[in-house]
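Student: Residues per chain, in single letters:
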Amino acid sequence: MTDRIYGVADTTFSRVNMGEIAVKTITKEDPEGKIIRYTVPGIKDLPVAAKKLIEEGCDGVITLGWVGKTQLDKYSYLAASIGLITVQLMTSTHVIDVTIHEDETEDEERLRDIAIDRAKKHSINLVKLVRDGRSALTGLAGKGLRQGYENAGQLD
Amino acid sequence: MTDRIYGVADTTFSRVNMGEIAVKTITKEDPEGKIIRYTVPGIKDLPVAAKKLIEEGCDGVITLGWVGKTQLDKYSYLAASIGLITVQLMTSTHVIDVTIHEDETEDEERLRDIAIDRAKKHSINLVKLVRDGRSALTGLAGKGLRQGYENAGQLD
Amino acid sequence: MTDRIYGVADTTFSRVNMGEIAVKTITKEDPEGKIIRYTVPGIKDLPVAAKKLIEEGCDGVITLGWVGKTQLDKYSYLAASIGLITVQLMTSTHVIDVTIHEDETEDEERLRDIAIDRAKKHSINLVKLVRDGRSALTGLAGKGLRQGYENAGQLD
Amino acid sequence: MTDRIYGVADTTFSRVNMGEIAVKTITKEDPEGKIIRYTVPGIKDLPVAAKKLIEEGCDGVITLGWVGKTQLDKYSYLAASIGLITVQLMTSTHVIDVTIHEDETEDEERLRDIAIDRAKKHSINLVKLVRDGRSALTGLAGKGLRQGYENAGQLD
Amino acid sequence: MTDRIYGVADTTFSRVNMGEIAVKTITKEDPEGKIIRYTVPGIKDLPVAAKKLIEEGCDGVITLGWVGKTQLDKYSYLAASIGLITVQLMTSTHVIDVTIHEDETEDEERLRDIAIDRAKKHSINLVKLVRDGRSALTGLAGKGLRQGYENAGQLD
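Residue numbers (the working numbering), protein chains in the order written: chain S, 1 to 156; chain B, 1 to 156; chain F, 1 to 156; chain U, 1 to 156; chain Y, 1 to 156.
I should point out that these hints are in silico values taken from the structure, not numbers from a laboratory.
To spell it out: a stretch of chain Y is covered by chain S in this simulated footprint if at least three of its residues, at any positions, have a beta carbon under 8 Å from a beta carbon of chain S; those stretches are:
| hint | segment |
| --- | --- |
| 1 | 95–106 |
| 2 | 135–144 |
Within a straight-line C-alpha distance of at most 20 Å, the following computed EDC-like cross-link-like pairs (lysine to aspartate or glutamate) qualify:
| hint | chain 1 | residue 1 | chain 2 | residue 2 |
| --- | --- | --- | --- | --- |
| 3 | F | Lys143 | U | Glu106 |
| 4 | S | Lys143 | B | Glu106 |
| 5 | U | Lys143 | Y | Asp113 |
| 6 | F | Lys69 | B | Glu106 |
| 7 | Y | Lys74 | U | Asp103 |
| 8 | B | Lys143 | F | Asp107 |
| 9 | U | Lys143 | Y | Asp117 |
| 10 | Y | Lys143 | S | Glu106 |
| 11 | F | Lys143 | U | Asp107 |
| 12 | F | Lys74 | U | Asp73 |
| 13 | U | Lys121 | F | Asp156 |
| 14 | S | Lys143 | B | Glu108 |
| 15 | B | Lys143 | F | Glu108 |
| 16 | Y | Lys69 | S | Asp73 |
| 17 | Y | Lys69 | U | Glu150 |
| 18 | S | Lys143 | B | Asp113 |
| 19 | U | Lys143 | Y | Glu108 |
| 20 | B | Lys143 | F | Asp103 |
| 21 | S | Lys74 | Y | Glu104 |
| 22 | F | Lys74 | B | Glu104 |
| 23 | U | Lys74 | F | Asp103 |
| 24 | F | Lys143 | U | Asp117 |
| 25 | B | Lys28 | B | Asp3 |
| 26 | F | Lys143 | U | Glu104 |
| 27 | U | Lys128 | U | Asp59 |
| 28 | Y | Lys143 | S | Asp107 |
| 29 | U | Lys69 | F | Asp103 |
| 30 | Y | Lys74 | U | Glu102 |
| 31 | B | Lys121 | S | Asp156 |
| 32 | B | Lys74 | S | Asp73 |
| 33 | U | Lys143 | Y | Asp103 |
| 34 | F | Lys69 | U | Asp73 |
| 35 | U | Lys24 | F | Asp156 |
| 36 | B | Lys74 | S | Glu104 |
| 37 | B | Lys69 | F | Asp73 |
| 38 | S | Lys69 | Y | Asp73 |
| 39 | Y | Lys143 | S | Glu109 |
| 40 | F | Lys69 | B | Glu104 |
Beta carbons: idealized from backbone N, C-alpha and C, even for Gly.
Only chain S is shown next, with the shape it has when bound in the complex (with noise of 0.2 Å):
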């Protein structure tokens, strides 16, 4: 089989470098992985990245969105989700969105952290999806787990 090509795309708005991270952790969960990085400057230009990623090979893609604080930040987040979707649909690829929100809290140190956490977590998601298939994550369905803050558990 031949190894596999994650894409990491990501972003100049981001006020943490979460592609970086994102690079070291699937690069430290699936060694044998090649890795394709697409830089843009926010994440209405993330989806045409992933796209080209993909068709330059990838067989997923993690993307690393930072969203600001007004209303319209937030409908320019929910046109790049859909058109995140979209990319998905149109390849029958994986792309992990990973987005964090500038008044998720008011203190930085914070907000870093809980970048750090949701892009480390989701970059192996990506692994376990891409490497290991469907069945990968369902030991773990239902169990309220969260990225970026401590997991919500399970209700049953």
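Position chains B, F, U and Y relative to chain S; hints supplied.
Tutor: Okay, now just chains B, F, U and Y, sitting in the frame of chain S:
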């Protein structure tokens, strides 16, 4: 006729193992049917999971999503909903969308019951549509059926 | 010329049997037309039902949706509306969308009357567009017609 | 060169006969152009009407929509707007979207004047783009032009 | 290698001639590049303009939109944003979206300065992506860059 294949797509974000409930309900409702399950991190990953399940041969899919309490979660819900409808239009295949919103009730036990009821009832809906076709639910048309809550009932 | 085929897609969520009203109205309006009916659980299932009806040969479709009172129901309405427009663009076929919002009025009898009126009037609109073509409604252009309510009337 | 064909799509929901205004304005602006008109019930029917007009040979289309006052009307506006943009992308053809919102003003006479002005000005825009091409409006770029209202003017 | 072709799409609705600024900035940044400009009435016309520019051979496009103050303008922004992302996915080509919201500031002089700065910086971003490729901005990833405002800076 070939036996039917059902797809079940669920998430690790969910706080109830609705995927398991769907598998059990479909198995009981259509014992000759085959089931393929796909677990992803969150709701925005469900559309591509549904598409891949259909590409693997599923005649219909049920997705089981869990949505947080913030406005951003609601935008994610909107993007995912648009994506799930798009999958159906691309493939002319039903993808029944079960969604639980964490703010439907403050009572966690009640929330779990809603999730179980909704997952069960929609699993049965999926079997009826896939196995019995477009008239299977016509006897119930306009009856104000609800999933997760008591039926609202018919006005006329 | 072949007789026309009309599609009627309705839901079990609806509290009024609008599908039946549509079938009766279309039959009366175009007695030579054939009708195919498709019943699904809720509004987010209507777009694929409409697409499948068109693939079965329908020259036009009417969908009859019922939407709850919460903001989440409204997001579902938005997603379904985008989906219904997408079906039309994929097939170049009219899908007339009848939607009743449960919060249009507090009065349940009034709500039922709105549903009946809207379903009837749009069924007639569908027949006119399918049977008589793009000029059939031009004599009424700009007249402020309403379905479910009294006509608003023309301003000029 | 073949004479140009313009599409005009309007609604019976509108309270001003903007379709007629568009037909007259286009005829005056490009007397050699041919016009095809398509009347539908409401704004959500406009995207497919525009697509069918383009399929009938139109080189460009103007749609004339009227939107009610409620939040639900605004979601319908959003869905229709996405649809109208999608038509353009599917066909690489301009569809100029004239929309009147019933809550732009309380004064019905003023509302009628807005509708007339907007329909006229955008009809001229359509002719310029279809007949004269991508540079036709460049002399007016950044000039703060408005339709239905006085021009806002240039800031620099 | 063939010289690059850049597309510039702007509007007559805008109150600043951002198209001209983009043309000048791209010319300065990549003197061997060719530029094609397309002017349309408003933001909802930008997606098809971008698509047509790409069909004429552009390797990348910058769109320069201006959005009014009302909630309806914001829905138009959302629809246009989804359309601009769709164009990129249909063509696998970058379309950098510069948008000025008239309510970003009450001060018209400040608003003009925001427009100029944003148009310039994103024109440079476009050249970097088109000419230098997916790694051109990676050195700036996570740096909290802003266009129209001061950079927010990196948190880690």
